[in-house]
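In order, the protein sequence lines correspond to chains A and B. Counting the first sequence from 1 gives a position; this note's numbering is that position plus 20. Counting the second sequence from 1 gives a position; this note's numbering is that position plus 10.
Note that these hints are calculated values from the structure, not bench results. Any given hint could be a false lead.
Derived coverage of chain B by chain A (criterion: at least 3 residues anywhere in the stretch with Cβ under 8 Å from a Cβ of chain A; other residues may be distant) [to be verified]:
{"#": "1", "region": "116-123"}
{"#": "2", "region": "126-135"}
{"#": "3", "region": "154-164"}
{"#": "4", "region": "261-268"}
Lysine-lysine pairs mimicking DSS-like chemistry, simulated, CA-CA at most 30 Å apart [as the list claims (entries may be wrong)]:
{"#": "5", "chain 1": "A", "residue 1": "56", "chain 2": "B", "residue 2": "252"}
{"#": "6", "chain 1": "B", "residue 1": "197", "chain 2": "B", "residue 2": "252"}
{"#": "7", "chain 1": "A", "residue 1": "92", "chain 2": "B", "residue 2": "176"}
{"#": "8", "chain 1": "B", "residue 1": "176", "chain 2": "B", "residue 2": "197"}
This structure is a prediction, so every number in the text was calculated from the model and none was measured. Glycine included, every Cβ here is placed at the ideal spot set by N, Cα and C.
Residues per chain are reported as follows:
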Amino acid sequence: MEKTISPVIAMFLLFGSICLAQPRSLTVSPVAFDHKLPLSQALALLGTRVQNGYVSFGIDLRNTPEPEVELKITEPTRLEIALAQVVGQVRGYGYQPISEHVIEVYPVEEWSDPADVLNLRVGNFVVKNETATNIFSKPTRFIPELRDYLLKGKTVQACGSIGPGLSSAGPGITLDLRGMTVRQILDSAAEADATLRAHAKTHDLPVGWLHRVEGDHQSELVHIWSFLSTVPREWEHYLPQ
Amino acid sequence: MAKGSTNQLSFTDKWNTGSQFSTTGTWTSSQTSVATVSSTNNGYNGLVTGVSPGTANFTASGFGNVYISSYCNYDPSCPYNSSFQGSGGGSVKPTVTLSCDTTHLTLGTTDFPGTKSGSCTTTSSPPGGTFGWTVNTSAVTLSANGNSATYSSNAESSTQGDTVVKVTYTVNSQSASGSSQGITVHKPTSLKTVSTVPNDHTTTCTVPCLLNPGKGTCTIKAGTSCNYTEPITRRRYSVVDKWGNLFQNVQLSGVTITESVTASQGSCGGNKVETGRTGGSPFYDDFGKCDSCCEAGGPGCTSTATQTLYANGFSVRNENITVTCTSATLNP
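With the rest of the complex left out, here is chain A (with noise of 0.2 Å):
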């Protein structure tokens, strides 16, 4: 049987992780690659290091192809410092706590432009029961606003689809969001994803997502939406009992 957030509570984790809450200091045990490692790989790595808590990751990726950095922790070390070695490495990228568990990597002229695609604000998103697996896999499907956005001066053939694909069984999670922008939205997925754990045992992950826009402005740009899962193995024992 499926669990859901009531929207009381996704409200409440809306706001507390939006307003109140801040990321607990974390540590993150040594992880060295004598290679260099795609970032979102390497970011990957760090979260699945992480001791005492956990965190997803909010990736927003516009390099191709991706870029790579060195991980080289070789000592137990706070993961503020870990993020700013991997991430500082990746000129024009930053990062930054948005909720309990969730941290954003993006680059930082896209992520102050107001007209950049994950800027866009959606005047209602509301999902039930829906697993961010799918969200963060197919987010046209869920706003409408992206999906017009991005099919904007493309031609659209009239004519339908076969094979609607595949989706989670996993239990989902319940939001109901106004006037927020897309990337406040998936931050807020991810958010209430890592904390339905706590309401509803399941062997399933948490995941962040991951954004990734391929070709360049002289060809079509491609968006490629995914998600990714950083939580550490033992992450169950950081659920409030």
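We have chain A already, so just place chain B on it with the hints.
Relative to the frame of chain A, chain B by itself:
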């Protein structure tokens, strides 16, 4: 013997006739930095306590002649001719315990990297030694960093629990070792069909023509995309390994599922093909159709396609799909 543990040595003194006599004495250690010894039971026993790695000899001595004279009177075979010294040897060995955080790893390309690796930590004594790490199969790759190590899935296990990580701790040429529990690397092999459920339309469908073929108002027009939220048929699958383990049951729910679907054929061929991506097991696979053909008068419009499902990049299922405006047939 281990540091801090004790061992009882004993000394028996006898007359040259073979009869035992009672006496008192003291015990000494040749290397008190290695082990100490104390007299117990009036000196008949020496209690040895390990301190640090090494070897020490223990000597019992100082047995008083006062007893000799008295016993000489008793035994006519005097003079007394007994060895007054006894000795024993021992060494302190290092100890090490190994703790690894998982015995189940998943194989392949996944959005859940935490399910692909585990880590081991050690507790050892005394300090100052060196660690050597080994693993007995190629199912995992080991990356050691002093007293800890990480292991990542590399190949499917031959048998369940076939892989063991071992650490050897060495101090002053003395060694101790510890082993992990058996580790299994699980490869997604196939899908188990849990259920196939026709859409019951208990929630509002955003494409009315699917509910009433030819009579609805399918929202297909320039500037928008055809979309619907309710499938005609929904299947629920679980990912299993070659032993039939459900990935969720072995706490490996973090598998990534992707699909590839061939271009649709049939009377409504040319329909756009949607492919999907999700994570976790079990998962849903939805089948349905929304197109101008259905809007114009279905339900005779038919499309066929072949779908391949992948778990962590491994092909786990092939389906032949036939979809009309009102039904979906799957084989197998």
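Now for the hints, and whether the structure bears them out:
| no. | hint | in the structure |
| --- | --- | --- |
| 1 | 116-123 | holds (count 3) |
| 2 | 126-135 | holds (count 3) |
| 3 | 154-164 | holds (count 3) |
| 4 | 261-268 | holds (count 5) |
| 5 | A/56 to B/252 | violated (34 Å) |
| 6 | B/197 to B/252 | holds (7 Å) |
| 7 | A/92 to B/176 | holds (25 Å) |
| 8 | B/176 to B/197 | holds (23 Å) |
Of the numbered hints listed earlier, the single one contradicted by the structure is hint 5.
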